[in-house]
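Here is what each chain is made of, one letter per residue.
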Amino acid sequence: MLHIYCPHCREHREEEEFHVKGQAHIARPLDPDSCTDKEWGEYLFFRKNPRGLHHEIWYHTTGCRKFFNVTRDTVSYEIKEVYKIGEQPQVVAKG
Amino acid sequence: MQRYSGFGLFKHSLSYHENWQRAWRNPTPKKKYDVIIVGGGGHGLATAYYLAKEHGITNVAVIEKGYLGGGNTARNTTIVRSNYLWDEAAHLYEHAMKLWEGLSQDLNYNVMFSQRGVLNLGHTLQDMRDIQRRVNANRLNGIDGEVLDTKGVQEIVPHMDCSANRRYPVLGASWQPRAGVARHDAVAWGFARGADSYGVDLIQQCEVTGMVIEDGAIVGVETNRHGKIMADRVGCVTAGNSGVMAKMAGFELPLESHPLQALVSEPIKPILDTVVMSNHVHGYVSQSDKGDLVIGAGIDGYTGYGQRGSYPTIEHTLQAIVELFPIFSRVRMNRQWGGIVDTCPDACPIISDTPVENLFFNCGWGTGGFKATPGSGNVFAATLAKGEAHPLAKPFSMFRFHNGALIDEHGAAGVAH
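Chains X and Z, in that order, give the protein sequences.
Take the first sequence: its letters are residues 2 to 96, numbered as in this note's numbering.
Take the second sequence: its letters are residues 242 to 658, numbered as in this note's numbering.
Read the hints as simulated data drawn from the structure, not as lab findings.
A quick note: this is a predicted structure, and the numbers were derived from the prediction, not measured.
Wrong hints could be hidden among the right ones.
Claimed, not checked - Here chain X is said to cover these stretches of chain Z; the calculated rule only asks that three of the stretch's residues, wherever they fall, bring their Cβ under 8 Å from a Cβ of chain X:
(1) 250–256
(2) 624–634
Unchecked claim - Taking lysine to aspartate or glutamate and the EDC-like style, the derived pairs with C-alpha atoms no more than 20 Å apart in a straight line are:
(3) Lys488(Z) <-> Glu507(Z)
(4) Lys39(X) <-> Glu79(X)
(5) Lys39(X) <-> Asp275(Z)
(6) Lys39(X) <-> Asp473(Z)
(7) Lys510(Z) <-> Asp402(Z)
(8) Lys67(X) <-> Asp32(X)
(9) Lys294(Z) <-> Asp328(Z)
(10) Lys627(Z) <-> Asp275(Z)
(11) Lys49(X) <-> Glu79(X)
(12) Lys294(Z) <-> Asp473(Z)
(13) Lys635(Z) <-> Glu598(Z)
(14) Lys294(Z) <-> Glu629(Z)
(15) Lys488(Z) <-> Asp74(X)
(16) Lys488(Z) <-> Glu40(X)
(17) Lys49(X) <-> Glu12(X)
(18) Lys67(X) <-> Glu43(X)
(19) Lys510(Z) <-> Asp530(Z)
(20) Lys488(Z) <-> Glu43(X)
(21) Lys39(X) <-> Glu493(Z)
(22) Lys22(X) <-> Asp38(X)
(23) Lys95(X) <-> Asp649(Z)
(24) Lys49(X) <-> Asp275(Z)
(25) Lys95(X) <-> Asp74(X)
(26) Lys635(Z) <-> Asp347(Z)
Claimed, not checked - Examples of chain X residues toward chain Z, derived with CB under 10 Å:
(27) Cys7
(28) Cys10
(29) Arg11
(30) His20
(31) Val21
(32) Lys22
(33) Gln24
(34) His26
(35) Trp41
(36) Phe47
(37) Asn50
(38) Trp59
(39) Ser77
(40) Tyr78
Here a beta-carbon is modelled for each residue, glycine too, at the ideal position from N, C-alpha and C.
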């Protein structure tokens with residue numbers, strides 16, 4: 002069971018209150034019509050799947066119902082940091 | 242290869258079963274092979290077996306970082322079925338089903354394939370409409386299937402609570418009689434033994450740490466124990482780690498690796514002689530020959546490589562099972578584990594060439610790879626032998642995520658996610 006700190010509620014809550022929403026920091030192409038099929042396909046379907054540090058969006062489904070970002074290790078599952086939408090991660094993978 | 246038979250069993254009993262030949266060799270790798278297969282799970286070993294048997298390519302190595310069949314082959318819930326909705330998927334899984342039906346004879350190894358039937362339950366009117374659509378699609382594709390009503394389901398599984406006053410009443414089910422279960426480890430071992438008998442080198446405890454690429458074409462792999470091993474073609478069959486392998490080769494795959502958990506109960510007397518799956522309450526259960534209930538459900542939501550998941554997922558799984566079978570509510574669970582499944586956005590596999598010449602990937606089987614093991618190996622072997630996709634594999638190119646020709650099996654085929 003993950004124990005997740007919600008930056009909006011400012012409390013640790015149990016994993017069951019949250020839903021993970023996948024990779025964070027995905028920018029929608031500014032002009033979709035000018036994208037090639039490859040660029041659009043990669044925007045829609047290609048996600049980072051790192052073995053190690055991963056930045057992802059979580060949703061406090063049964064709490065404040067707000068989104069936030071989490072940096073998590075995908076091998077140990079340890080949560081390294083929690084930060085709000087619009088902010089940049091402090092803990093990043095080397096290299 | 243020493244053939245297994247009743248007579249052989251008798252003969253070896255006279256020497257106290259101490260003189261059985263080892264099932265496969267433990268060779269030191271050569272410097273160069275025609276084909277290297279990365280990943281010694283069921284799919285990889287099946288690929289090696291069919292490469293040797295059907296295409297005469299025996300200068301092959303299977304490189305495995307752990308031991309044979311120790312990943313998802315050892316961790317699945319052993320269900321085999323082919324009742325998929327869309328033509329592309331149905332043809333691929335039915336191809337596998339036909340191979341399953343003769344597999345024990347073909348391999349001279351008992352994979353304990355038991356065609357005890359699979360029920361996919363419907364709990365709402367929409368479930369039942371979807372089931373009718375899928376069963377009709379299956380029949381048009383030559384796959385057996387029937388739509389059952391509540392009474393029909395109750396006759397097959399008398400211990401399931403099919404009463405109308407449940408929160409999720411069982412309104413009916415699709416029933417595929419040819420579906421069933423197989424002994425997961427035996428599948429890996431049978432293919433390993435078969436491949437070895439044709440001269441395929443099975444290299445265990447050897448991790449691939451890099452790809453050797455020259456002028457946009459692969460020429461070999463780097464390993465941690467045996468240095469560089471060269472090859473004309475390389476096939477990657479590495480399930481949850483496929484994204485990591487692709488990164489080594491310098492491209493990305495549209496995969497996300499999730500933990501998928503399963504659990505078994507203590508062994509109990511025979512009570513369930515078929516496989517029961519329900520998408521709506523989200524769980525599936527069968528009983529192994531040993532007597533334990535084999536239970537699974539959906540993936541954990543987060544991505545991970547830890548080969549374990551979270552307890553809330555197990556709790557939801559068991560809630561579903563107890564909803565269907567209140568009689569199981571006091572059965573104690575014995576073991577629980579997780580495997581890492583590589584899921585595709587459209588819940589269909591990738592059997593494909595790649596941006597790197599002579600490098601092929603067979604991955605993305607997500608939560609449903611075991612049932613496809615022989616078929617997957619068979620079409621991937623053909624793909625590796627000819628250097629172009631087998632007709633059944635063609636729709637499963639990784640480039641479908643660029644051109645939009647997805648095969649949307651999510652939920653459509655009773656795929657439990």
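Here is how each hint holds up against the structure:
| no. | hint | result |
| --- | --- | --- |
| 1 | 250–256 | violated (count 0) |
| 2 | 624–634 | violated (count 0) |
| 3 | Lys488(Z) <-> Glu507(Z) | violated (42 Å) |
| 4 | Lys39(X) <-> Glu79(X) | violated (34 Å) |
| 5 | Lys39(X) <-> Asp275(Z) | violated (32 Å) |
| 6 | Lys39(X) <-> Asp473(Z) | violated (28 Å) |
| 7 | Lys510(Z) <-> Asp402(Z) | holds (19 Å) |
| 8 | Lys67(X) <-> Asp32(X) | violated (28 Å) |
| 9 | Lys294(Z) <-> Asp328(Z) | violated (28 Å) |
| 10 | Lys627(Z) <-> Asp275(Z) | holds (12 Å) |
| 11 | Lys49(X) <-> Glu79(X) | holds (18 Å) |
| 12 | Lys294(Z) <-> Asp473(Z) | holds (19 Å) |
| 13 | Lys635(Z) <-> Glu598(Z) | holds (17 Å) |
| 14 | Lys294(Z) <-> Glu629(Z) | holds (19 Å) |
| 15 | Lys488(Z) <-> Asp74(X) | holds (18 Å) |
| 16 | Lys488(Z) <-> Glu40(X) | holds (18 Å) |
| 17 | Lys49(X) <-> Glu12(X) | violated (29 Å) |
| 18 | Lys67(X) <-> Glu43(X) | violated (27 Å) |
| 19 | Lys510(Z) <-> Asp530(Z) | holds (10 Å) |
| 20 | Lys488(Z) <-> Glu43(X) | holds (15 Å) |
| 21 | Lys39(X) <-> Glu493(Z) | holds (12 Å) |
| 22 | Lys22(X) <-> Asp38(X) | violated (24 Å) |
| 23 | Lys95(X) <-> Asp649(Z) | violated (37 Å) |
| 24 | Lys49(X) <-> Asp275(Z) | violated (32 Å) |
| 25 | Lys95(X) <-> Asp74(X) | holds (13 Å) |
| 26 | Lys635(Z) <-> Asp347(Z) | violated (26 Å) |
| 27 | Cys7 | violated (16 Å) |
| 28 | Cys10 | violated (19 Å) |
| 29 | Arg11 | violated (22 Å) |
| 30 | His20 | holds (6 Å) |
| 31 | Val21 | holds (4 Å) |
| 32 | Lys22 | holds (9 Å) |
| 33 | Gln24 | holds (8 Å) |
| 34 | His26 | violated (15 Å) |
| 35 | Trp41 | holds (8 Å) |
| 36 | Phe47 | holds (5 Å) |
| 37 | Asn50 | holds (4 Å) |
| 38 | Trp59 | holds (9 Å) |
| 39 | Ser77 | holds (7 Å) |
| 40 | Tyr78 | holds (6 Å) |
Violation of the numbered hints given earlier is confined to hints 1, 2, 3, 4, 5, 6, 8, 9, 17, 18, 22, 23, 24, 26, 27, 28, 29, 34; the remaining hints are satisfied by the structure.
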